[in-house]
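Chain residues, written in single-letter form:
Protein chains: 4
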Amino acid sequence: MCGIFGIMGGSDVHAARMTYYGLFSLQHRGQESCGIAVNNDGDVTYHKDMGLVGEVFSDTMLDRMPGKMAVGHVRYSTTGSSVRENAQPLVIKYVKGSLSIVHNGNLTNTDFLRKQLESGGAIFQTTIDSEIIAYLIAKERTLSATVEEAICKVIPKLEGSYSLLVMSPKKIIAVRDPLGYRPLCYGVMDDGSVVFASESCALDPVGARFIRDVDPGEIVIADRHGIRSIRTNCGMISRKCIFEYIYFARPDSFIDGISVYRTRLEAGKLLYDLHPADADLVIGVPDSGIDAALGYSQASGIPYCKGFVKNNYVGRTFIQPTQNRREISVGIKLNVLAASVKGKRIVLIDDSIVRGTTMARIVRMIKEAGALEVHVRISSPTFRWPCYYGTDIPSADQLTASTNSVDQICTNIGADSLGFLELDSLSRMISCEGEKCYCDACFSGDHPGNIKQDI
Amino acid sequence: MCGIFGIMGGSDVHAARMTYYGLFSLQHRGQESCGIAVNNDGDVTYHKDMGLVGEVFSDTMLDRMPGKMAVGHVRYSTTGSSVRENAQPLVIKYVKGSLSIVHNGNLTNTDFLRKQLESGGAIFQTTIDSEIIAYLIAKERTLSATVEEAICKVIPKLEGSYSLLVMSPKKIIAVRDPLGYRPLCYGVMDDGSVVFASESCALDPVGARFIRDVDPGEIVIADRHGIRSIRTNCGMISRKCIFEYIYFARPDSFIDGISVYRTRLEAGKLLYDLHPADADLVIGVPDSGIDAALGYSQASGIPYCKGFVKNNYVGRTFIQPTQNRREISVGIKLNVLAASVKGKRIVLIDDSIVRGTTMARIVRMIKEAGALEVHVRISSPTFRWPCYYGTDIPSADQLTASTNSVDQICTNIGADSLGFLELDSLSRMISCEGEKCYCDACFSGDHPGNIKQDI
Amino acid sequence: MCGIFGIMGGSDVHAARMTYYGLFSLQHRGQESCGIAVNNDGDVTYHKDMGLVGEVFSDTMLDRMPGKMAVGHVRYSTTGSSVRENAQPLVIKYVKGSLSIVHNGNLTNTDFLRKQLESGGAIFQTTIDSEIIAYLIAKERTLSATVEEAICKVIPKLEGSYSLLVMSPKKIIAVRDPLGYRPLCYGVMDDGSVVFASESCALDPVGARFIRDVDPGEIVIADRHGIRSIRTNCGMISRKCIFEYIYFARPDSFIDGISVYRTRLEAGKLLYDLHPADADLVIGVPDSGIDAALGYSQASGIPYCKGFVKNNYVGRTFIQPTQNRREISVGIKLNVLAASVKGKRIVLIDDSIVRGTTMARIVRMIKEAGALEVHVRISSPTFRWPCYYGTDIPSADQLTASTNSVDQICTNIGADSLGFLELDSLSRMISCEGEKCYCDACFSGDHPGNIKQDI
Amino acid sequence: MCGIFGIMGGSDVHAARMTYYGLFSLQHRGQESCGIAVNNDGDVTYHKDMGLVGEVFSDTMLDRMPGKMAVGHVRYSTTGSSVRENAQPLVIKYVKGSLSIVHNGNLTNTDFLRKQLESGGAIFQTTIDSEIIAYLIAKERTLSATVEEAICKVIPKLEGSYSLLVMSPKKIIAVRDPLGYRPLCYGVMDDGSVVFASESCALDPVGARFIRDVDPGEIVIADRHGIRSIRTNCGMISRKCIFEYIYFARPDSFIDGISVYRTRLEAGKLLYDLHPADADLVIGVPDSGIDAALGYSQASGIPYCKGFVKNNYVGRTFIQPTQNRREISVGIKLNVLAASVKGKRIVLIDDSIVRGTTMARIVRMIKEAGALEVHVRISSPTFRWPCYYGTDIPSADQLTASTNSVDQICTNIGADSLGFLELDSLSRMISCEGEKCYCDACFSGDHPGNIKQDI
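Residue numbers (my numbering), protein chains in the order written: chain A, 1 to 455; chain B, 1 to 455; chain C, 1 to 455; chain D, 1 to 455.
So here's chain A without its partners, still in its complex pose:
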């Protein structure tokens, strides 16, 4: 999971600053590293480093990055190790000038592509997919009239998920993979500037009006002549990631026309239909369980209450307690609101259970605060399979649901009851008509692509 942002700006736009603000609204998609590349009439400068947007960029630094075109990236490492060299944008010089690439997603045929390129003499300086994509574009560009034509020829060679922004000397080109795993949309500002972003929540704050999502397989080109689209690789049924709706995306985003917030409310309602509970209060684990908790409350009529106070100051620099004080860590991040739960029967909503250890601690905390019963409801199906498309999931043996029954999990976490959504709840959450239009491989094991056995 990563976030990308780009702007093809009008006459008085400071593109690097707008990208800085855009990346703030996408920071939830990645906190490991970030970067911005700006194109000042063909002269590209960039800065990228480990850390949050607010840590990596200073006012002075942005001052030194004038120009009307920019792309930016926030990174949550999935492929490539956690080193500064792997931060994006990737900025390269090639036969036709410079390219700056930002990438959200995960290719599944990197080993094959990398070996093929290496046997032709390619050298690699990073371990990120963007470098492979850059090579492929560079090679095709020598045989193509334009960079977008080259990109168009590269798409069939790529397997896996990718939402890309490619900044050439005069254009910003947005690309979404033919199955549309990862989101990508664009909007325009009053002065005609075109803004691309992983999520629509990054458009509002910079003053851009949402236009539409980039379609799966579509290439959208923004330059001084306006916006054009190439749809050669379009037409496949979407396999957008269902987990964007359940957890990744911000609730104020709309992805492929669907409100993330409404999807989560709906998940809470469906959860009540499947797993009602006789209880006094509904509470949600902040932040991702809150919306489904409101939905569960609306459907059930059981009052919604605040159950926790979350400490927003716990960040990257937080010093973990030593072994014998380990419980301090959860307690500082999340304290139970005893005034709320004491003497009550509680429905507790969260978006997923991965290992189960955090949920066990939370249930214990609620009971220690005086709750009589804790009925856990999870607003997604059981999490049992790895993801090859960019979602960071531990190996199957660490997923409690791949080795335990729901009853066993319920016992392990100390809950009084436990319920998950069903696989077919998902199609109702995002109102698929006809064929399944999303990827639920992490719940179903049904992988849409050609995943090699040896991955």
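Honestly, the hints are just simulated from the structure, not real lab data.
Only true hints are included.
Given that identical chains are not distinguished, each listed pair holds provided it fits within a single copy or across any two copies.
With a straight-line Cα cutoff of 30 Å, these simulated BS3-like cross-link-like pairs (lysine-lysine) come out:
no., residue 1, residue 2
1, K436, K342
2, K153, K96
3, K310, K342
Given the coordinates of chain A, assemble chains B, C and D onto it according to the supplied hints.
Showing chains B, C and D alone in chain A's frame:
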């Protein structure tokens, strides 16, 4: 407003680390600077600097601070300018060894005390009240048998608000001013360690069981013999700060026996009784308006919904947009959840209106997101007077309520209706029996102390 | 050993910047911490921290320190531990406004003064002598007409060495102790600005013309009326530190009218008279042995040659090699110039031998580079006693000369011969007329003051 | 100009630490950026950044870089702009694993090579020559049995100067261009570790015994079997850079068997033969003029004296004075020793005159300090041509000697007389036998390679 924490630890306690965790839970009370002093069998070391707890302290630094006694502080500057020298704890050497002092509150007779001390040859290296208190204790100590006796004699000389922790070579002494403006409580850990904190929310995460609040005027002494109390200065009717309940304190804290969260819920209910509204949804401004919004929803039966997404990554390093992009700033910190408010009549709850400019922007954002009506409800009375006891309030001419009627404010912020709590709602919020037991000077102008005209 | 600098500037002087440059020229007197306080029409701001001048101050920081009066300090810790709080200037508020104090030297009656002040209720926040001096001035000031009068009364209470600059709201007052241990001089700039500095080498670069040394016991006051002098405490025979000439001061400084460089040349000549050698080359250990080596060469006619290359990049951050590679450290800092010494009989000059271990390594390196003989000559007498006036000397049992004869030292360091200056050489180096006008306690044990046995 | 260092270590060597120490001794060759790559049984980690070795590397960081093979680099930017991405080593993955490359020198056919590679689909992420070399090796490697064979084939394609270290998974391979412009040598440690370095001065401190220089055109391979050599590209007459002897290299280094220090002494002697002076003292501009000043003194019999005190604390962070105080800058870096020069006729030696402005200030300073005459002598011929092989020289129109006669320069700098070495002095300095064995293009315009007109 500041936060203080102290620990008189048992045999295997690393007091600096426990204080580090305690300060994390009090960080909402002050983000400007912080510090910890630790007493290792009489040898005092300390570290303090500008910044958040997570920024100022590293693992290595805590390693270098062994010892079983510690006091810590987070600062929100009210008196004294924003310089490193004004960070606390104040650590001094005096005739009887060392004292480390942390202080939450604001003395109102500092000018008098400072001049009196200077005429006796005192020199001041900071502009914080703690240095005055240190001098007074040092002077009395030469005539007293113990440091607590000296402190007892100092109390009648101090006017204003103060919750103090004083760490001497062998004791930690907690002091709360006779009117009890600022909170202070203590708890014990399983190993017998005694923990003092501004708010009870800092006790749970470090594994301490809440015992009780320090009473107004009380001196509580913790040393290796246990806990003792001096009540010479007790007995006045409390004038605890009502704004702690409305805004300052964390909802999971209990202050003087009353749940902050329940007080806010109750404020929402009282607000509905005074100012009902015909609407579809109740939303609250994060974080401080959320609890009252739940209360308003419960009383009115109007559904509570999430109205905003708050960006938790906007911190001290956030670069403010330039003048012509000013609206970006609010939009990045707080985005309206259009999927929630569009086409709806909204009740919007916040805890207070100070200048009115932020509220005007929020109302506009909600309307631009498609809300039909916005009825603003404020869970406190109109804010009209300055505070001399440590609350950071702009001068009266900047308080919109001191120069405008409620109707004018309503027009100014662009709301469809506007309602505040009444002054006498406050006594119901915190269930005073008989005489008024709190300070509401910022709403009423009724100052409990002898405030000089010229302040 | 520390360095102090002050400026009472003319109309267009940026005093903090001039002090910044002045401190650069005094950096050799202390590398632990530094600071500058600036007085902008009575409003004092200051900045101080651990580190070199170039590390502690940035352009932005100096921009924020406008004003025409400033004092600055570089610190080499002798009293007080190495913590940020002990950095100077010490800036205080007292009954008559503010004082900023910088101090070079070491009081010998601090324990007595500190206890006396504490029994009157004083509190101490640092362990530096300047805080004691500030208290004494503050107390006397309540009984005196002016701050200089107060300082005049304080001088008889202070024992030990001190060169001080005291910046009051309208004056800079320079004070040198009655025995004149530590240097202090002043100069004027073309625009009439008055500049005080520990050494004259700091005057030239800022464009100030050297006027004269402050006399032992003298108080020099610079304010907008010009320069005045109080000589009440003058008249004692100087006991200026001989080690300033031998090692501390920069060779381009003149102290009390005597060129430091010429003194060192002379030491080399005297050394040849006492200890001639039959050799091919004279070399000096950089940087302090070079000047005496030139003098030895001139007196002897033996050619002077460069013997070493010193690595100027080895600074505070240099990572010491692990135990089994310890010899790397000296080799990186100082490499022998084999092309110079190979096959030659060498006279090697250094300013002193303390423990003897470094000299042993240097002699070995020279021999390994092919030198036939190494005759060590030291441009000072044997170092046998501690210093109570601010020179950092290890305890007597670590001084090789206090437990070993010259012959034994010669054997220990592996030299072919070894010679030191005699005690009475010193008076010829600095041309004393009549009575001894310097302190040579570290060589002679003859302490000029009332040093208590128990120090 | 850059410095390179590499180690193929024995069993208990921490290669990164040894490289850290080696780079300290080469820091004079480049202060802009530095880096180390370490190979731990095939697993390569690296760290590089802007700044000095002591700033970029911490103890913790070195701890995280275990392994017995390493290469390191200090950079003085000549090609490529001053950005972090251009720091070396360049670490790449290619068809046969990883390569880490460090490079000192400057290719003269980069434009041609870069375009050729780009037309084959290559992408470039830096602007340094090393990336071109890496591509060429990667391409040849697919057709070669070993990496050294590939390198051997690459050499004929490279024009210009290069001393390289290439670290493959199991070998360190040293390469020096066929004309031997830049130095490169190796030594061995007692445990058999092989150490490569730009200059021999980096061998002594790490405990390595100098073995020999790498010959022009030679490839030296160090692996666990020992040391081998490939001499296919050897045999051309050396064109080693004369400026290494005059200025770049450290005086304690031997380059191609010749002592740098002796060369400079000799230059001073030759200078006296050509331009004697009637004077009282010879002084040198630190650090590069000192050695020739000693030579001039020895030849002339005029005594050598110290003429300046150089401030070693002036580093990268030094804040330049504002325009109207510009003279402060030189004065702080270099102060004249008035006690030495006053009333004397001075011979002043420096290694070169580039723009002439600094020399003009120095002459003025000496006269203001009281010198009667200043006779400037320069230990190299007049500097009139650009360099294409890695020496940082301003454009010809900024070289005072390319537009002014010696007499005019003498007038411009305010000297009483001025003399340079002659072109044919150079061959005597480094004792060429027969044909010219060095490059003096910056003095003569006689470029040894095929330099394109358009550079």
